Amino acid sequence: MNSQKIPLLLRIRPLITIFIVVIILIWFLTPLVLITLSAFASSDDYYQFEKVIPTHFTLHHFESLFFGLEAWKAIINSLSVAGITMLLSFLIGLPAGYALSRYVFPGKNFLKLLCMVTKMFPLMVLAVPLLIIFMRIGISDSTWGTSLAHTAMVLPIIILIFSSILSGVSVEYEEAAMIFGLSRIQAFFHITIPLVLPGLAASAIFAFNISWNEVFVATILTLTNRTLPAHILKTAMASPDYIKFAAGFIMAVPAMVFIFFVRKHLVTMWGISLK
Amino acid sequence: MISLSQKKGNWLPYLLFLPALLYLAGFVGYPLVKTFQLVFTSEKGDIGLANFITLTQDPIFWKALKNTLYLLIVIVPLQVILAFLLALFVNSRFKGYMIVLYIICIPLALSDVSAALMSYNIFSSHGFLNKILINSGLIETPFYFFGLGLSSRSFWVVVLTELWRATPLVFVILLAGLQVISKEYFEAADVFGFSSWQKFFHITLPLTMPSLQSALLIRTLFAFQIFGVVWLLSGRDIPVLAGEVYYQQAELSNFRIAATYGFIIALICILISWIYLTFLKTKHLEV
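Chains as they are written, first to last, in the working numbering: chain A, 1 to 275; chain B, 1001 to 1287.
Treat the hints as calculated values from the structure; they're not laboratory data.
Any given hint could be a false lead.
Cβ-to-Cβ under 7 Å is the rule here; a few derived chain A residues that face chain B [said to hold, decoys possible]:
no., residue
1, 16
2, 17
3, 21
4, 38
5, 40
6, 46
For clarity, every value in this text was computed on a predicted model and none was experimentally measured.
Just so it is clear, CB atoms sit at the ideal spot from N, CA and C, and this is done for glycine as well.
Same shape as in the complex, but just chain B (with noise of 0.2 Å):
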């Protein structure tokens, strides 16, 4: 490998790297710059934080925060570790088990909007549940999921939405861990008359960490991106943040705005990154 590269010289990489390079550039670096423009000028032109200060003076944005923010606290705990028991079930390579795991992972192939529709299927009010519930005789008239001033519950048909739809994605991350640890700890470990507890502890846990502090990130970075399901599901009865951008620029036209929102959606984005970096080992982020 090395001897190729040198002797055909060292621009040849570059050359191959260069289109990939220039798009990024144009179409990722460009319009960040563009990002700073947007969020740090008022609509007069005057540098400032006039934006952030019109936002954060809006009461929306800290319910659209604390919906986010609530969103992922239930979620990302119930999806890592259901996402572990999966893991390890299928790990354990029973008769069948690619079956199983091709089916776990449909839900990651399919959209967020198709995923929605799915679930209000089965919660609206002429839905399977309902109309089970009312042919068993355990209610009367339909309950009703969504509308104005159900948010409360639709909240929880949400969170089952992305139970379904997100599990398999922190799911492959904890396969593709389990399934690189050597069988020969685990036949040492019987050597050594350890007990399935024990394995788990002391050779399965510690080695998946690394896999499942990535899973861990990832799902937080994405918790904050949350959009398509709440908005299908809910409207702008529970408000986040994401969907605040898509409001903001889609409904109100209110370009500054809607920028600044996102801008604040890759800030924390980044501080979490950046904690998780700076606190956790670094090493299995390397490809």
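So here's chain A without its partners, still in its complex pose (with noise of 0.2 Å):
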């Protein structure tokens, strides 16, 4: 009976993959798909109940979004908030990657320990202080301020993917380099760099996502100069649905890009991060 039974499941098999297949894309595609849809609809069509799948499309809904509610400012903001804090994460946690990689030092585990802890650390308890500080100093409501609390949430996990990329670069390559006359900073910019640069490139998209996308600190410690997120959460509740979807396209459209750049290293970036 059991030699019947396992052909069939064999045959079968191929149709259970594709099924289970069809039910993933269908969860996972069918809200970003709706949106789009959405966001492009004329308003006509959203609020007819016939029309389940609208077939009038306008771009009336970006241009109130940019322009009526202001939104092209805080694009403008989260563009600017996102490439500050990629930059500052970067220039800082280089070093600090390369130290965790290539050194054996007394404390080399407290630090590594130091940002794991950070990374997992709520940034809630941060924002409130972080306010009164940025006021005290004059950096409150603005984009220097959110991308200074950017990248003390991005820092901790920058180090540490910073340090497993370059550690998955033999130092053999950077020793050879130095007994050809090479400096040690020349070894690393140019064998080590050009070996880690899609990596690296990479956790630049990686820094750059969180930060468009961070909401809370964002909100909190601005109040004109407001990031994308922030500004939607204030305004786009109280405006008109179809406004709501063009904001939730405009949200989503860098991740898809993001997505679709740092794809061969999506498991191991999220899985540094996460860990």
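Given two chains presented individually in distinct reference frames, assemble the corresponding complex, making use of the accompanying hints.
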């Protein structure tokens, strides 16, 4: 009886796989497809119950979002906050990651642990005191303030990612280059950096993405110079529905680009950042 | 590696790490000290637990705590089970599994704001679900999920949104855990004629236990920080702890109470991590 059952199971196995894949795709893609449809659908189509799938499309919602609600300012703020965050966490994180990956020194484990503890630490507790500090030094309600807070959030993760990426390149390459007369810094920039460039680029996008998406700290730290998610949180829910969908779509676009560019590093990067 | 570091002296790695250390001291350490100052002093400057007393006398605090815990209890187990099934499935490496992997990872890159708006698009009164139900004749007037007094309904929309948004987070951790299991274990099991179930319970499950545990911890910690999805979908109808930090700070400018809420979230997170580290193995926490 068993010998008859197994071939049958093997025969329908590909079908079961396809079935599960289809369910996964429907579950994960439907909300994305639907918000894209709604973001471009005319408001008449949206308010008609008979129209499940809209047929008239318009860019009007984006126009009202960008100019009526002044989201263009928020987008520029978001871009600069994410850009500064990326740059700062790179400048500070790269040497730190290098130190962790290339040296054995007393206190190394403590520093690693420090990074792991800080990245797990709930940022909520920092938002209020940061606001008070920023008010005192005069950078509250500024893109700088938000960037500095976001860097504090991203930096420990970036250090751990860098250290793991750099550990992937054998020290012997650098040592060989130094035998041929390159200095340590030259060896690092001419040998190691080109080898880890794809990984570094992926981490840069990763840092950018975290900052672009962060809403809590950004909302608390700013009043007028809001980033896009903070702006949406404050204004979108009081706006007509189709504006919300345009906003949701605009927020999601960079994320899609992100997934596409870092697809090869996805599991490693989140593996490190979450573990 | 060791020879290299010994030659150059020991100060170089410290120098390289110094900027990061200073940064974290300034933007994490100092604000933390400041938090203690805020939380344990009253408006008049007296040191004490006045803020905690004000807080616990407010029924909203208990509601927020209760809602946060409810959401956690409903969401986290479901997420872990779903993510584990997904990870096992993707790890079976069928043809084209990489594409499925990317698609599962999309929500990872999305903000909670965007995810909340996506589910609002489905569940709003003119959303897709209502339109489909009306057109198929199941209902005549739209079914409302959001609005005053409907928080028990929006609760489930929040749950679904979180399941959609954050299951991939757990999935990635579990998949990373599954990927490092050596094939040789399964080959050995084949030799001994293990069934698929036996292989799962005797090889896969014990070996993914560390990832399963850290996924559980991370999800629990994140669950205490849930904010964007709840705030956008229900406002303050479903008060949660992080939402109260925002509300007290942004709407009432009540710095001390807001900081106290934040402090309590941190305290709970530290407590949970501590329990976790004490009672479960810590080996896998090393990077």
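Tested hints:
1. Checking residue 16 (chain A) against chain B by beta carbon gives a least distance of about 10 Å; that is not within 7 Å, so the hint is violated.
2. A hinted interface residue such as residue 17 (chain A) counts as satisfied when its beta carbon comes closer than 7 Å to some beta carbon of chain B; here the least separation is about 5 Å, so the hint holds.
3. Satisfaction of the interface hint for residue 21 (chain A) is found here, the shortest Cβ-Cβ separation to chain B being roughly 6 Å, below the 7 Å cut-off.
4. The interface hint given for residue 38 (chain A) holds, since its Cβ lies 5 Å from the closest Cβ of chain B, which is under the 7 Å cut-off.
5. A least Cβ separation of about 12 Å between residue 40 (chain A) and chain B goes past the 7 Å threshold, and the interface hint is therefore violated.
6. Of the supplied interface hints, the one on residue 46 (chain A) holds, with its beta-carbon coming within about 6 Å of a beta-carbon of chain B, less than 7 Å.
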